[in-house]
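Trainee: Quick mapping for you: the protein sequence lines, in order, are chains F and V. Under the numbering used here, the residue at position 9 of the first sequence is numbered 807, and the numbers go up by one with no gaps. Under the numbering used here, the residue at position 39 of the second sequence is numbered 245, and the numbers go up by one with no gaps.
Don't read these hints as lab results, they were simulated from the structure. One or more of the hints may lead you astray.
[What the hints assert, rightly or not] EDC-like mimics (lysine to aspartate or glutamate), calculated; alpha carbons at most 16 Å apart, straight line:
(1) Lys862(F) with Glu546(V)
(2) Lys603(V) with Glu573(V)
(3) Lys577(V) with Glu546(V)
(4) Lys308(V) with Glu357(V)
(5) Lys538(V) with Asp509(V)
(6) Lys878(F) with Glu559(V)
(7) Lys601(V) with Asp561(V)
(8) Lys878(F) with Asp619(V)
(9) Lys876(F) with Glu844(F)
(10) Lys601(V) with Glu546(V)
(11) Lys601(V) with Asp619(V)
(12) Lys804(F) with Glu825(F)
(13) Lys577(V) with Glu599(V)
(14) Lys862(F) with Asp243(V)
(15) Lys231(V) with Glu282(V)
(16) Lys538(V) with Asp456(V)
(17) Lys804(F) with Asp410(V)
(18) Lys577(V) with Glu596(V)
(19) Lys876(F) with Glu890(F)
(20) Lys419(V) with Glu432(V)
(21) Lys804(F) with Asp243(V)
(22) Lys876(F) with Asp561(V)
(23) Lys363(V) with Glu265(V)
(24) Lys871(F) with Glu265(V)
(25) Lys298(V) with Glu469(V)
(26) Lys896(F) with Glu885(F)
(27) Lys363(V) with Asp243(V)
(28) Lys876(F) with Asp440(V)
(29) Lys424(V) with Glu384(V)
(30) Lys888(F) with Glu596(V)
(31) Lys878(F) with Glu838(F)
(32) Lys846(F) with Glu801(F)
(33) Lys871(F) with Glu266(V)
(34) Lys859(F) with Glu357(V)
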Amino acid sequence: MSEERKFICVSCPLGCGLTVSLNDSGEVVKVEGNTCPRGESYARSEVKDPRRVFASTVRVKGGKLPVCPIRSKTPAPKGKLFEIAEEVAKLEVNAPLKIGQVLIHNVCGTDVDIVASRDLAAV
Amino acid sequence: MNNNIDVLIIGAGPAGVAAGIGAKKEGAQNVVVLERDWDLGGILQQCIHPGFGLRTFKEELTGPEYMHRFIQQAHEVGVEFRTNTMVFQIDKESNTVWTMNKERGIEALNPKAIVLTMGCRERPLGAIRIPGTRPSGIYTAGTAQRFVNMEGYMPGKRAVILGSGDIGLIMARRMIWEGAEVEGVYEVMSWPGGLRRNIAQCLDDYGIPFHLKTTVTKIHGQDRLEGVTVAQVDDHMTPIKGTERFIECDTLLLAIGLIPENELSRMAGIEIHKVTGGPVVNDLLQTTNPAVFAAGNVVIVYDLVDNVSDEGLIAGANAAKFALGRIPKDAKRIPVKGGENVRLYSPQFVTGEADTTIFMRVTHPIEQACKVFAEPGLYSQRLRYARPGEMNEVKIKAEQIRNLPDLSEIVIDIQPV
Chain F
799 MSEERKFICV SCPLGCGLTV SLNDSGEVVK VEGNTCPRGE SYARSEVKDP RRVFASTVRV
859 KGGKLPVCPI RSKTPAPKGK LFEIAEEVAK LEVNAPLKIG QVLIHNVCGT DVDIVASRDL
919 AAV
Chain V
207 MNNNIDVLII GAGPAGVAAG IGAKKEGAQN VVVLERDWDL GGILQQCIHP GFGLRTFKEE
267 LTGPEYMHRF IQQAHEVGVE FRTNTMVFQI DKESNTVWTM NKERGIEALN PKAIVLTMGC
327 RERPLGAIRI PGTRPSGIYT AGTAQRFVNM EGYMPGKRAV ILGSGDIGLI MARRMIWEGA
387 EVEGVYEVMS WPGGLRRNIA QCLDDYGIPF HLKTTVTKIH GQDRLEGVTV AQVDDHMTPI
447 KGTERFIECD TLLLAIGLIP ENELSRMAGI EIHKVTGGPV VNDLLQTTNP AVFAAGNVVI
507 VYDLVDNVSD EGLIAGANAA KFALGRIPKD AKRIPVKGGE NVRLYSPQFV TGEADTTIFM
567 RVTHPIEQAC KVFAEPGLYS QRLRYARPGE MNEVKIKAEQ IRNLPDLSEI VIDIQPV
């Protein structure tokens, strides 16, 4: 069965409405509604392997703040976000932290690293 | 008192840091940014989600990452930052800026030029009259964001979000990721306040219901919030009888709008625009006090931080020019008028001394092909739609103004085509 799927592109603040046409074997044959190439690649990824950047905080010992923001360095599989959230919630790190510092390698076997997203000095 | 400051900037958020860079690059010697927090970055410190700086850096950064780049650049060009420093007064006549800091005490600063970059504040519960009790558990979305992202506290376990501004949408997802429930987002208008992509990636991704033309009509609970009553509203925003529904929740987050923070600007005798809530500015981002410039959300609330930084760079550069005596005193003052579909816009005057971007919002969604334009014949651009939640722009070149010596006003509008 060929299929049409619609979603909002989240690649930039424009939020274009995308329509993706799939053929019988589930392959993308057409992307419409995008106004740039990012929209096309977002649509293809959204059909095959939807991903999102995960952003949260980790607990910090001895820092100027009790928590430090973190992010997945690259977009992580959407279906694994809650699993990643639980992994991140278990972590406690020592200050100081540097922006970009890897805190978890290959989180939940996704090949995605969790990194600190700010500098955080020790008290 | 002469403390030898060329450009003094109030607030080290995205606009202020950029203003510092802009002022130094324009040739000002002593550029000082005052910040009341212990750290730089302003509200972006707590905006830990990605989505910032796509236009400036060609990649999507989190708030702290975006600010990190600007702060580094500011240090490289020699901007001086003074943290833990609160400005409590600006004198009208002398432009003296009064500051306090634990180590330095109270100081009176007399810079050659000032840039106001205090940002905006959230509309609080008191701004909308909801009947009922006033228990704990009610926060603006930004306060909750600070609790979760910087202080490590969760505001509650089951939340209702009133208003669909971007911070509320972002916080809906944030609460979900931290293990809370979000019952739904309620918006009194018939269109969303925030960006469409945030509805997609923050609500739709997690199956959070989004209700338009619905609002909270009662707050329940004595010590702690126990629930809210929501009801649909008619076209006059009056709750419709019979549509009321009780929702059990321990947290109510408010994302009901942002207001430019201009307490200091008023003290300084600067004219505040009654619709934007920010200083009246010209295309140089100069206020009605010639030595005082303003940029970012203190002027008009933007959607994108890229625009805030751009405006900061411009205001900083022009403040430096003023300090160096390079802004003509007899510059033109051509008024910009908004047409019937324009709710607010900035700047409100054009000198023609520099190329300029006029930012505006429409009064209501125009869901069809339309054009944004500036008369007489200064700009025209086709749009697929225009929505209040997404700013539109008009770009005018200084040369166009110079070529029209008799130009008496500019009219901007958005009309269906």
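Trainee: Please go over all the hints and tell whether each is borne out by the structure.
Mentor: How the hints compare with the structure:
no.	hint	in the structure
1	Lys862(F) with Glu546(V)	50 Å, violated
2	Lys603(V) with Glu573(V)	29 Å, violated
3	Lys577(V) with Glu546(V)	13 Å, holds
4	Lys308(V) with Glu357(V)	23 Å, violated
5	Lys538(V) with Asp509(V)	29 Å, violated
6	Lys878(F) with Glu559(V)	54 Å, violated
7	Lys601(V) with Asp561(V)	8 Å, holds
8	Lys878(F) with Asp619(V)	46 Å, violated
9	Lys876(F) with Glu844(F)	9 Å, holds
10	Lys601(V) with Glu546(V)	19 Å, violated
11	Lys601(V) with Asp619(V)	13 Å, holds
12	Lys804(F) with Glu825(F)	15 Å, holds
13	Lys577(V) with Glu599(V)	11 Å, holds
14	Lys862(F) with Asp243(V)	12 Å, holds
15	Lys231(V) with Glu282(V)	11 Å, holds
16	Lys538(V) with Asp456(V)	56 Å, violated
17	Lys804(F) with Asp410(V)	12 Å, holds
18	Lys577(V) with Glu596(V)	15 Å, holds
19	Lys876(F) with Glu890(F)	24 Å, violated
20	Lys419(V) with Glu432(V)	23 Å, violated
21	Lys804(F) with Asp243(V)	44 Å, violated
22	Lys876(F) with Asp561(V)	43 Å, violated
23	Lys363(V) with Glu265(V)	34 Å, violated
24	Lys871(F) with Glu265(V)	12 Å, holds
25	Lys298(V) with Glu469(V)	13 Å, holds
26	Lys896(F) with Glu885(F)	20 Å, violated
27	Lys363(V) with Asp243(V)	29 Å, violated
28	Lys876(F) with Asp440(V)	38 Å, violated
29	Lys424(V) with Glu384(V)	27 Å, violated
30	Lys888(F) with Glu596(V)	38 Å, violated
31	Lys878(F) with Glu838(F)	23 Å, violated
32	Lys846(F) with Glu801(F)	14 Å, holds
33	Lys871(F) with Glu266(V)	11 Å, holds
34	Lys859(F) with Glu357(V)	13 Å, holds
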